[in-house]
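Given the coordinates of chain A, assemble chain B onto it according to the supplied hints.
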Amino acid sequence: MDIYENAEQLKNIPLLSGCDNAQLKLLAFTSEALAFNPGDYLFKINDSSDSVYVILEGEVDVVRDENPDNITKLATIGKNNIMGEMGVFLNVPRTASLIAAEEVKALRIPANRFLKLVTQNADIALEVMRQLSKKIVFTSELAVESQTELRDLQEAQNEA
Amino acid sequence: MEKSIYRYILKYTRRDQIYLIILTALSMPLIYLGLEIPKLIINNALGGEGVPSQVLGVEIDRLQFLLLLCLGYLLLAILNGGLKYIMNVYRGSLGERMLRRFRYTLYNRILRFPLARFKRVSSGEIIPMITAETEPLGGFIGDSIALPVFQGGLLITYLFFIFNQGVWLGIVAIALFPPQMIIIPRLQRKVNELARQRVQNVRKLADHVGESVAGISDIHSHYTSRFEQATISHRLGTIYDIRFDIYKRKFFIKFLNNFLAVLTPFFFYSIGGYLVLQGELSLGALVAVLAAYKDLSSPWKELLKFYQITQDIKVKYAQIIEQFDPPNMFDTSIVNATVDDIEPFKKSLVTRNLSYKDEDDKKIIDRINTQIPLDKHIALTGASSIDTETFAQLLARLITPASGQVLIDEQDSKSFPEALVGQQLAYSGSNSHVFNSSLTDNLLYGLKHERVPEWDDTSLDLEEQKRRNKESIASANSVDDPHANWIDYRASGAADPEHFKRLINKVLKTLEIDDEAFELGLSETANTERHPLLAEQVLQIRKALSSELKQPQNAELVEFFDTESYNANLSVAENVVFGAPISEHYQFHCLSGNELINTLLKEQGLDTIFLKTGYRLTEIMLELFSDLDEDDELFEQFSFIRAEDFPEYERIRAEVAQHDLQNISDEDRKMLLALTYKLTPARHRLGLIDDSIQPLILKVRKTLRETLGEQNDDITFFDIKEYNSAISIQDNIIFGRIAYGKPNAQRSIRELIETAVEKLQFRTEIIWSGLDYIAGSGGTRLSLIQRQKIMVARCLFKNPDILIIDGTLSALNSTDQTRILENIIKFRKGRNLIWSLDNPELEKHFDSVLAVDTGEYTARNEPQS
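Same order as they appear, the protein sequences are chains A and B.
Per numbering that gives the first Met the number 0, residue 0 is the first one in the first sequence, and the count goes up by one each step.
Per numbering that gives the first Met the number 0, residue 0 is the first one in the second sequence, and the count goes up by one each step.
Keep in mind that the hints were calculated from the coordinates and are not lab data.
Some hints here could point you the wrong way.
To give an idea of the chain B side of the interface with chain A (calculated C-beta under 7 Å), a few residues [claimed, not checked]:
| id | residue |
| --- | --- |
| 1 | Leu623 |
| 2 | Leu633 |
| 3 | Phe637 |
| 4 | Arg684 |
| 5 | Gly686 |
| 6 | Gly740 |
| 7 | Pro742 |
Derived pair list, reagent style DSS-like, types lysine-lysine, alpha-carbon separation capped at 30 Å [said to hold, decoys possible]:
| id | chain 1 | residue 1 | chain 2 | residue 2 |
| --- | --- | --- | --- | --- |
| 8 | A | Lys24 | B | Lys669 |
| 9 | B | Lys83 | B | Lys465 |
| 10 | B | Lys2 | B | Lys469 |
| 11 | B | Lys469 | B | Lys10 |
| 12 | B | Lys677 | A | Lys104 |
| 13 | B | Lys247 | B | Lys304 |
| 14 | A | Lys24 | B | Lys741 |
| 15 | B | Lys304 | B | Lys345 |
| 16 | A | Lys43 | B | Lys549 |
| 17 | B | Lys203 | B | Lys2 |
| 18 | B | Lys253 | B | Lys83 |
| 19 | B | Lys741 | A | Lys43 |
| 20 | B | Lys741 | A | Lys10 |
| 21 | A | Lys24 | B | Lys611 |
| 22 | A | Lys72 | B | Lys741 |
| 23 | A | Lys115 | B | Lys247 |
| 24 | B | Lys677 | A | Lys10 |
| 25 | A | Lys24 | A | Lys133 |
| 26 | B | Lys118 | B | Lys362 |
| 27 | A | Lys115 | B | Lys741 |
| 28 | B | Lys542 | B | Lys701 |
| 29 | B | Lys549 | A | Lys104 |
| 30 | A | Lys78 | A | Lys134 |
| 31 | A | Lys24 | B | Lys677 |
| 32 | A | Lys10 | A | Lys104 |
| 33 | B | Lys500 | B | Lys345 |
| 34 | A | Lys104 | B | Lys741 |
| 35 | A | Lys24 | A | Lys43 |
| 36 | B | Lys825 | B | Lys758 |
| 37 | B | Lys413 | B | Lys346 |
| 38 | A | Lys78 | B | Lys741 |
Every residue gets a Cβ at the ideal spot worked out from N, C-alpha and C, and that includes glycine.
For reference, chain A alone in the conformation it holds in the complex (with noise of 0.2 Å):
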């Protein structure tokens, strides 16, 4: 796969959308194009977060597996989505693994490289901005959904 073809697929990301084609051809040429294997991980909890990923082709697992005893699976994501920017917006560690559930093809692009792109990009912005509402969006309604949850649970406990 060469830089055009990747400059290609960077088009299909919302988050890029607002780039033109050289800005993408040059974050092809610029970033890290990697393979890896099913089970390979991409990043670990707790590692620095230097840099985020665009993945490509194939899926991965957002996993808190800090305790060998206790793993948690949070969520799947597939091709076109861009993985561990909350970290480097933030500057703080990892907050979950990131593993490989198939073959998976990806762009790592530097942490300094993409806030750059973030910063001097309004639609880039915009479009962060948006993404990230989204999450929040999707944090509360499963905030709420556990609460009903863990309520429901109670009373059946308490019941019997």
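For chain B alone, coordinates are given in the frame of chain A:
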């Protein structure tokens, strides 16, 4: 040291100066004859007066007489020149020898400086004193006596000549000497004062430059460059002003000299002319006087110049030696004395009323009485780290107590020569240093006490050695050969070299340097001459690893160096050369100008293809990078074209667009080719260098190898059966390039190597090769942790009776620090260890804790007896 330079010169060069004076005296009659013969030629041979009828019994006529005189004149000139040559060489060598002695003396005095001295003078100031400031002294020493004798002799000779012509003439000729001798020294005095100021200011300049170099990261990080520039500018300005003032005065003196030199002829012309006109003086006499005076003025001028130089040198000499004569220098008997029989320190280390005051007379250690057993491990604590450091340095005898004593085995340690203390006591502290040599040299530095004479392994042949020694002795320098083996394994307590090797491995393990050395060994090229086993071992590891790498789970980690196939993880240049370049014109960035390779490319029709590829790369790079700022870091990391070269490549693109790619200039062609050579298909993913081109490049590779031959001075080609000494050990082991895009390849490979090396038990050789790593100036190529470990390891190698570790290893985190401390405690079991701790947590590992402010003990591991 001798207070005046003349005293110094007379002390060491009296004989040589006498020899020079004799030579000078010898040359005088020759010079006199040189004046006399032309007169004979003109007056006698040509004038026809007093032509002798025979010379040495042989009859001669006037012409023969003329020829004889001319021949004599020629002979005289040759003799004169020869003598001058001998004198110049002699003077030169004498000066250099004295300069060597002087510098050596100064260096020796630095070795005797009390430590406190270095708080006041920086190396930035000391270095130019020994190097630049002494330089003119050498030239002067050769001239110091011979020149005034020579020029003075010349002057007297001429004067004698003139006085022979007429007493009055002589008197007139020297009439203006006395006023010059009075005025000039007065003027010179001010120049001397300025010269003194100049020396001091140049030293401050050197000091400031040194400070800037040392503090360069602070200058950058705090944006203080403008301030530093202003400081330097001010300093340079001061030097300029002083110099300017010196010039004004110096040249005024010169002006005065020149003026006085013409004043005498003025009197000759006016008064002499008047007398001639009055008929009281003959014209011939006046002409003779003028001619004589002209000769006379040259040595006189030389003498005046010499006087000025002498004054300047005197100032410089005084300025140097006053810096090298600080109070409280170590006695020579302590620094330089050798000891034949070394009795180990056995009993105890005792301080008796030990006190120390710092430069400001502040008491730091105050009347401490304590006793430290030599078979125990003692931790030092104090109110501040200065207290413990001072106490430790007092014990190590690096500083001298203000009062009281440090007694080792009941003897005042003050009286011990360094030869004794330096072999039985080891100290490592915050100002311990890592030298700019290999890690081995640094680790074993503490064993280089004396040249081991029975190991006759000098690096020089006997003749050269004799010659060098003779010179060294003539300048009272050391005659030991520094390149011979100085590392005396016996000083480590090892019985034989094998035992010593085991000891080295043990110390490396104790400080956990072995892993780091292994890493270094892998990543650096190795000296296979020094480590003869290594090449064979690496080949075995390569073999073991290659089968491992062929396992399916590892299959894609490495792209091997296979002569027969194109390596997509190497650049085009690396694929063509396919080895490690040695000579300049096979360096990868020089290939575009390499004639042989250009011919080979042409043979395969690759010249056009490469050119087109280069042009295509130009287009791509211009497209990708032209929107970026020039200083964007992406340029440096990714662009094939440096930001500053962009306009050039844009020009090329425009030209090619108009004309044809074939018609561009040679320079432009080279620039395009250079881009092609940088291309690494796997990494750059530009779809260039496809399957149709690769076989052609392989043919170029093959022909190049055949043309140059396996053994050549240009390239060490890759060969699966051979060790390649121009690439690192790791590259030799994997014998390929780690594949691009395999995120964990690097780590997996390292693990595989570790396992293979462990299995074959070849770790030691790689570690030893890693120890060849050069530490850099002040150890800057190492981390602080590595430096600290080396300083402590250096002490362990000496197997000292007393081991004092002052705060070092502080850079380690507390877990590592504890573990290594435990290792050291185990290593020194039953032997003394004194450690000034900055972490009270660690106290529990010691037998007892000594408070340096009181001299009181607190027992830890076991009660203090």
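Status of the hints after comparison with the structure:
Taken as an interface hint, B:Leu623 checks out: its beta carbon lies about 5 Å from the nearest beta carbon of chain A, inside 7 Å. Restraint check, B:Leu633 versus chain A: the minimum CB separation of about 6 Å is within 7 Å; hint holds. Against a cut-off of 7 Å between C-beta atoms, the interface hint on B:Phe637 holds, since the closest Cβ of chain A lies about 5 Å away. With 7 Å as the threshold, the beta carbon of B:Arg684 comes within range of chain A, its nearest partner Cβ sitting at about 4 Å, so the hint holds.
The criterion of a C-beta within 7 Å of any C-beta in chain A is met by B:Gly686, whose closest approach is roughly 4 Å, and the hint holds. Because the beta carbon of B:Gly740 sits about 5 Å from the nearest beta carbon in chain A, less than 7 Å, this interface hint is met. With 7 Å as the threshold, the beta carbon of B:Pro742 comes within range of chain A, its nearest partner Cβ sitting at about 5 Å, so the hint holds. For the hint linking A:Lys24 to B:Lys669, the alpha-carbon distance of about 27 Å falls within 30 Å, and the restraint holds.
With a C-alpha separation of about 29 Å, the suggested pair B:Lys83 and B:Lys465 falls inside the 30 Å cut-off, and the hint holds. About 28 Å separates the Cα atoms of B:Lys2 and B:Lys469, which keeps this hinted pair within 30 Å; it holds. Straight-line distance between C-alpha atoms of B:Lys469 and B:Lys10 comes to about 19 Å, which keeps the hinted pair within the 30 Å bound. For the hint linking B:Lys677 to A:Lys104, the alpha-carbon distance of about 25 Å falls within 30 Å, and the restraint holds.
A C-alpha spacing of about 16 Å is found between B:Lys247 and B:Lys304, which places the hinted pair at or below 30 Å, so the restraint holds. Proposed proximity of A:Lys24 and B:Lys741 is supported: the alpha carbons are some 22 Å apart, at most 30 Å. Restraint check for B:Lys304 and B:Lys345: the C-alpha separation of about 65 Å exceeds 30 Å, so the hint is violated. Using a Cα cut-off of 30 Å, the hinted pair A:Lys43 and B:Lys549 holds, with the two alpha carbons roughly 28 Å apart.
Proposed proximity of B:Lys203 and B:Lys2 is supported: the alpha carbons are some 24 Å apart, at most 30 Å. Restraint check for B:Lys253 and B:Lys83: satisfied, since their Cα atoms lie roughly 27 Å apart, inside the 30 Å limit. Distance restraint check for B:Lys741 and A:Lys43: the Cα-Cα separation of roughly 16 Å lies within the 30 Å cut-off, and the hinted pair is therefore satisfied. For the hint pairing B:Lys741 with A:Lys10, the CA-to-CA distance comes to about 24 Å; that is within 30 Å, so the pair holds.
Straight-line distance between C-alpha atoms of A:Lys24 and B:Lys611 comes to about 21 Å, which keeps the hinted pair within the 30 Å bound. In summary, the hint linking A:Lys72 to B:Lys741 is supported, as the alpha carbons are separated by about 25 Å, within the 30 Å threshold. Taking the CA atoms of A:Lys115 and B:Lys247, the gap is near 60 Å; set against the 30 Å cutoff, the hint is violated. A hinted pair counts as satisfied when its Cα atoms are at most 30 Å apart, and B:Lys677 with A:Lys10 qualifies at roughly 29 Å.
The hinted pair formed by A:Lys24 and A:Lys133 meets the criterion: a straight-line CA distance of about 28 Å does not exceed 30 Å. Under the criterion of a C-alpha separation no larger than 30 Å, the hint pairing B:Lys118 with B:Lys362 is consistent with the structure, at around 18 Å. For the given pair, A:Lys115 sits about 26 Å from B:Lys741 by alpha-carbon distance, which is consistent with the 30 Å threshold. Annotation: proposed proximity of B:Lys542 to B:Lys701 holds, straight-line Cα distance about 24 Å (limit 30 Å).
Restraint check: the Cα-Cα separation between B:Lys549 and A:Lys104 comes to about 23 Å, which is no more than 30 Å; the hinted pair holds. Only pairs whose Cα atoms come within 30 Å are accepted, and A:Lys78 paired with A:Lys134 is accepted, the gap being roughly 17 Å. This hinted pair checks out: A:Lys24 and B:Lys677 have alpha carbons roughly 19 Å apart, not beyond 30 Å. This hinted pair checks out: A:Lys10 and A:Lys104 have alpha carbons roughly 16 Å apart, not beyond 30 Å.
Simply put, B:Lys500 and B:Lys345 have alpha-carbon atoms about 27 Å apart, close enough for the 30 Å limit, and the pair holds. Pair hint A:Lys104 plus B:Lys741 holds up; C-alpha atoms about 10 Å apart against a cutoff of 30 Å. In summary, the hint linking A:Lys24 to A:Lys43 is supported, as the alpha carbons are separated by about 29 Å, within the 30 Å threshold. Between B:Lys825 and B:Lys758 the alpha-carbon distance is near 28 Å, which keeps this suggested pair within the 30 Å criterion.
For a cut-off of 30 Å, the pair hint linking B:Lys413 to B:Lys346 stands: about 17 Å separates their Cα positions. A threshold of 30 Å between alpha carbons decides the hint, and for A:Lys78 with B:Lys741 the separation of about 19 Å falls inside it, so the pair holds.
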